[in-house]
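Trainee: Sequence:
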Amino acid sequence: MKQLPYLLIATRFILAPVILLLAYVKGTESRFLIVALMYFGLLTDIFDGIIARKVGVSSEKLRRLDSQTDLIFWLSLGFASYFLNPWLIKNEWQGILLIFIMEALCYIVSIWKFGKETCTHAFLSKMWGLSLLIAFTYLIGFQQTGWAFYLTVGLGFVSHIDVILIILLLPKWQYDVPSSYHAWKIRTGKERKKTVFFN
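Using this note's numbering, the letters of the sequence shown correspond one by one to residues 51 to 249.
Be careful, since some hints might not be right.
Stated by the list, open to error - Simulated pairs of lysine-lysine, DSSO-like, Cα-Cα distance not exceeding 30 Å:
no.	residue 1	residue 2
1	Lys111	Lys222
2	Lys166	Lys222
3	Lys176	Lys235
4	Lys222	Lys163
5	Lys163	Lys176
6	Lys166	Lys52
7	Lys240	Lys163
8	Lys111	Lys240
9	Lys240	Lys176
10	Lys240	Lys104
11	Lys166	Lys104
12	Lys235	Lys222
13	Lys111	Lys163
14	Lys111	Lys176
15	Lys76	Lys111
16	Lys111	Lys52
17	Lys52	Lys176
18	Lys166	Lys240
19	Lys235	Lys111
20	Lys140	Lys76
21	Lys76	Lys166
No lab work stands behind these hints: they were computed from the structure. Given the structure is predicted, the values throughout are model-derived calculations rather than measurements.
Just need the whole structure built from these sequences, with the hints factored in.
Mentor: Laid out in structure tokens, this is it:
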């Protein structure tokens, strides 16, 4: 059981190239399979953290590995979306560019301040992950953007601002910080015990 969280993370990592290959080679005929793999990947993301805490193996190493695997997994779905619907992606390039810039800023600020990448697993970031799930369901499964896409861009911008604030407020690097409010409480000494969140 102690190895299961790592196996779930590895499964999600392996899904990334599988999704890319399906989109590139099979094209639109693979879109519902890709959506199914996306939902399966989300389940591995939910349960790796739950199981890790249950069996007592949740650690900085595991959480950082989980974060970077999440990035690779969602990027694979983004590129798959481009392979399947290039015209839709090109039409929405401004929103996509904004999210890439915000993601890069999170990494730049964290590495500048702490010397390593961010790993907050914040609440708004989790909500953004759920909005990504909906947006990719529409984009890959039904070849639509609409409200789901714009919700994702808006929530993505807000969640990245929250992560940047967390980084700036924390006195030292820490993983699993639910929000910038919690980071402020940690900075002021009002919260010393790490808040455990789902995933």
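Trainee: Confirm or reject each hint.
Mentor: These are the hints, each one checked on the structure:
Distance check on the hinted pair: Lys111 and Lys222 sit about 16 Å apart at the alpha-carbon level, within 30 Å; holds. Restraint check: the Cα-Cα separation between Lys166 and Lys222 comes to about 11 Å, which is no more than 30 Å; the hinted pair holds. Annotation: proposed proximity of Lys176 to Lys235 holds, straight-line Cα distance about 21 Å (limit 30 Å). A hinted pair counts as satisfied when its Cα atoms are at most 30 Å apart, and Lys222 with Lys163 qualifies at roughly 9 Å.
Distance check on the hinted pair: Lys163 and Lys176 sit about 23 Å apart at the alpha-carbon level, within 30 Å; holds. Straight-line distance between C-alpha atoms of Lys166 and Lys52 comes to about 26 Å, which keeps the hinted pair within the 30 Å bound. The hinted pair formed by Lys240 and Lys163 meets the criterion: a straight-line CA distance of about 22 Å does not exceed 30 Å. Using a Cα cut-off of 30 Å, the hinted pair Lys111 and Lys240 holds, with the two alpha carbons roughly 26 Å apart.
Of the supplied pair hints, the one linking Lys240 and Lys176 holds, its CA atoms being roughly 24 Å apart against a limit of 30 Å. At roughly 27 Å between alpha-carbon atoms, Lys240 and Lys104 fall within 30 Å of each other, so this suggested pair holds. Distance restraint check for Lys166 and Lys104: the Cα-Cα separation of roughly 27 Å lies within the 30 Å cut-off, and the hinted pair is therefore satisfied. At roughly 13 Å between alpha-carbon atoms, Lys235 and Lys222 fall within 30 Å of each other, so this suggested pair holds.
Annotation: proposed proximity of Lys111 to Lys163 holds, straight-line Cα distance about 19 Å (limit 30 Å). For the hint pairing Lys111 with Lys176, the CA-to-CA distance comes to about 20 Å; that is within 30 Å, so the pair holds. With a CA separation close to 36 Å, the supplied pair Lys76 and Lys111 exceeds the 30 Å bound. A threshold of 30 Å between alpha carbons decides the hint, and for Lys111 with Lys52 the separation of about 14 Å falls inside it, so the pair holds.
Proximity of Lys52 to Lys176 is assessed by CA-CA distance (about 24 Å); at most 30 Å being required, the pair is judged to hold. Between Lys166 and Lys240, the direct Cα distance comes to roughly 25 Å. Compliance with the 30 Å bound is thereby established for this hinted pair. Of the pairs offered as hints, the one joining Lys235 and Lys111 holds, with about 24 Å between alpha carbons and a cut-off of 30 Å not exceeded. For the proposed pair Lys140 and Lys76, the alpha carbon gap of about 21 Å is at most 30 Å, so the pair holds.
In summary, the hint linking Lys76 to Lys166 is not supported, as the alpha carbons are separated by about 38 Å, beyond the 30 Å threshold.
When each numbered hint is compared with the structure, violations occur for hints 15, 21.
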